[in-house]
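Enquirer: Protein chains in written order, with full-length UniProt numbering: chain A, 1 to 191; chain B, 1 to 191.
No lab work stands behind these hints, which were simulated from the structure alone. Careful: at least some of the hints might be erroneous.
[Said to hold, decoys possible] Result set (DSSO-like, lysine-lysine): computed pairs, CA atoms no more than 27 Å apart in a straight line:
no., chain 1, residue 1, chain 2, residue 2
1, A, 29, B, 139
2, A, 139, B, 29
3, B, 29, B, 119
4, A, 165, B, 165
5, A, 119, B, 139
6, A, 29, A, 119
7, B, 165, A, 139
8, B, 29, A, 119
9, B, 165, A, 119
[What the hints assert, rightly or not] Footprint (simulated), chain B over chain A, 3 or more residues, beta carbon under 8 Å:
no., stretch
10, 70-82
11, 120-126
12, 146-156
[Stated by the list, open to error] To give an idea of the chain A side of the interface with chain B (calculated C-beta under 10 Å), a few residues:
no., residue
13, 29
14, 49
15, 102
16, 105
17, 106
18, 107
19, 108
20, 174
Where a beta carbon is used, it is the ideal one built from N, C-alpha and C, also for glycine.
There are 2 protein chains.
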Amino acid sequence: MSRPPGRRPGPTETREAILAAARELFGDKGYDGASLRAIARAAGVDPALVHHFFGNKEGVFVAAMRFPVDPAELLTRIAPAGREGVGEAMARSFLEIWEDPARRAPILAMLRSAMTNEKAAAMMREFVTAALFARAAEKYGIPPVRVNAAAGQLIGVVILRHVLKVEPIASAPVDELVTMLAPALQLHLGE
Amino acid sequence: MSRPPGRRPGPTETREAILAAARELFGDKGYDGASLRAIARAAGVDPALVHHFFGNKEGVFVAAMRFPVDPAELLTRIAPAGREGVGEAMARSFLEIWEDPARRAPILAMLRSAMTNEKAAAMMREFVTAALFARAAEKYGIPPVRVNAAAGQLIGVVILRHVLKVEPIASAPVDELVTMLAPALQLHLGE
Chain A
1 MSRPPGRRPG PTETREAILA AARELFGDKG YDGASLRAIA RAAGVDPALV
51 HHFFGNKEGV FVAAMRFPVD PAELLTRIAP AGREGVGEAM ARSFLEIWED
101 PARRAPILAM LRSAMTNEKA AAMMREFVTA ALFARAAEKY GIPPVRVNAA
151 AGQLIGVVIL RHVLKVEPIA SAPVDELVTM LAPALQLHLG E
Chain B
1 MSRPPGRRPG PTETREAILA AARELFGDKG YDGASLRAIA RAAGVDPALV
51 HHFFGNKEGV FVAAMRFPVD PAELLTRIAP AGREGVGEAM ARSFLEIWED
101 PARRAPILAM LRSAMTNEKA AAMMREFVTA ALFARAAEKY GIPPVRVNAA
151 AGQLIGVVIL RHVLKVEPIA SAPVDELVTM LAPALQLHLG E
């Protein structure tokens with residue numbers, strides 16, 4: 001998309017053009033395959049402007065896909081717990097995101113697409129691997145397969161709780177779930 | 001469906017008529033809402049004949065939905081491990097079912113439907129609760145929410161491994177996964 005002649009586009013229009021180009025490229029090429037430079041080119045803007053608005057590719061993805069979690073922020077929030085408290089901190093942060101219907105809806109929509117469409121699966125796989133799993137593994141020196149196992153525990157629980165609505169886990173208070181899941185996550189992620 | 005006049009239907013036709021009626025009723029009324037008697041009536045046969053072919057409602061469901069696991073058989077296979085070995089036995093049995101593409105396909109199809117369709121979700125929820133979760137909780141005297149948490153660990157892992165294909169868990173040997181997951185499941189299900 002190149003800029004139409006006439007009036008110079010304002011910041012809102014430019015931002016929206018970048019996000020539209022990003023959604024198309026991420027959907028088409030996956031997270032790894034869509035470069036920030038290619039997104040800028042498709043939006044008809046300078047790559048420096050994309051940096052200016054969104055910081056990096058991860059920031060563009062979070063904004064474009066309305067991903068309700070900024071992975072960098074999530075990891076920063078969990079960090080103070082240290083490796084000995086990572087299980088509980090991760091359980092609470094993750095479950096609380098899913099408690100909020102406004103944040104649950106977009107992530108559930110992405111998960112549904114990923115369950116039924118290989119391109120959507122590739123996009124989600126590449127994004128969570130690069131932005132969350134690999135970074136958490138490196139930060140704490142945990143084998144990546146153990147990070148996957150911990151993520152599996154949380155993903156499975158939110159599917160039973162919020163999608164399949166299996167009782168009693170669908171109605172259990174978050175605090176009860178955190179208490180129950182923290183030791184299992186700690187087993188995967190602790191020393 | 002009542003029997004057409006003329007030739008008396010053979011056992012294969014009768015069996016297929018029962019399964020077709022069952023699929024329709026389970027899809028429409030859910031697992032709890034479709035009685036064996038109603039399935040027999042819809043198929044135009046005597047309820048005793050449904051018992052004769054499939055034993056009970058669970059047997060009709062497993063056959064009608066081509067569910068690749070007979071829950072009663074699965075619980076029988078896990079039983080010898082006792083409560084102290086239930087984590088490992090459950091991890092191995094569950095993961096091995098998913099390793100076999102012929103068994104994975106129908107269960108994955110059901111899970112995909114359940115993720116996107118409330119009627120399919122209700123059917124799956126009611127079936128796994130009645131045939132697996134409630135029975136396992138009762139058998140071992142485990143709080144049902146802990147059975148859900150253990151199921152969540154396994155469901156999340158097979159989604160990451162077989163659907164989203166996240167590495168390294170997608171390529172890890174089953175034995176490695178059993179070793180890694182057994183203690184987490186034991187934490188939920190043990191004394």
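Enquirer: Look at each hint and say if it fits the structure.
Expert: Hint check:
Between residue 29 of chain A and residue 139 of chain B, the direct Cα distance comes to roughly 49 Å. Violation of the 27 Å bound is thereby established for this hinted pair. Between the alpha carbons of residue 139 of chain A and residue 29 of chain B the distance comes to roughly 49 Å, so the proposed pair goes past 27 Å and is violated. Taken as a hint, the residue 29 of chain B and residue 119 of chain B pair is honoured in the structure, with Cα atoms around 8 Å apart against an allowance of 27 Å. Between residue 165 of chain A and residue 165 of chain B the CA atoms are separated by roughly 25 Å; this keeps the pair inside 27 Å, and the hint holds.
Restraint check for residue 119 of chain A and residue 139 of chain B: the C-alpha separation of about 42 Å exceeds 27 Å, so the hint is violated. Between residue 29 of chain A and residue 119 of chain A, the direct Cα distance comes to roughly 8 Å. Compliance with the 27 Å bound is thereby established for this hinted pair. Straight-line distance between C-alpha atoms of residue 165 of chain B and residue 139 of chain A comes to about 23 Å, which keeps the hinted pair within the 27 Å bound. With a C-alpha separation of about 34 Å, the suggested pair residue 29 of chain B and residue 119 of chain A falls outside the 27 Å cut-off, and the hint is violated.
With a C-alpha separation of about 12 Å, the suggested pair residue 165 of chain B and residue 119 of chain A falls inside the 27 Å cut-off, and the hint holds. Remark: the stretch 70-82 of chain A is not confirmed as covered by chain B, as 0 of its residues place a Cβ nearer than 8 Å to a Cβ of that chain, below the required three. Coverage of the stretch 120-126 of chain A by chain B holds in this model, with 3 residues showing a Cβ closer than 8 Å to a Cβ of that chain against a need of three. Judged by the Cβ-Cβ criterion of 8 Å, the stretch 146-156 of chain A is covered by chain B as claimed, because 9 of its residues qualify and three suffice.
At about 17 Å, the closest approach between the beta carbon of residue 29 of chain A and any beta carbon in chain B exceeds 10 Å, and the interface hint on this residue is violated. Interface hint status for residue 49 of chain A: violated, as the beta-carbon distance to the closest one in chain B is roughly 33 Å, over 10 Å. For residue 102 of chain A, the suggested interface contact is broken, since its CB lies about 20 Å from the closest CB of chain B, more than 10 Å. Annotation: interface hint on residue 105 of chain A violated; nearest CB of chain B at approximately 14 Å, more than 10 Å.
Among the interface hints, the one on residue 106 of chain A is violated; its C-beta lies about 15 Å from the nearest C-beta in chain B, farther than the 10 Å criterion. Because the smallest distance between the Cβ of residue 107 of chain A and any Cβ of chain B comes to about 13 Å, over 10 Å, the interface hint for this residue is violated. At a threshold of 10 Å, the smallest CB-CB gap from residue 108 of chain A to chain B is about 9 Å, leaving the interface hint in force. A least Cβ separation of about 13 Å between residue 174 of chain A and chain B goes past the 10 Å threshold, and the interface hint is therefore violated.
In summary, the structure is inconsistent with hints 1, 2, 5, 8, 10, 13, 14, 15, 16, 17, 18 and 20 from the numbered list given earlier, while agreeing with the others.
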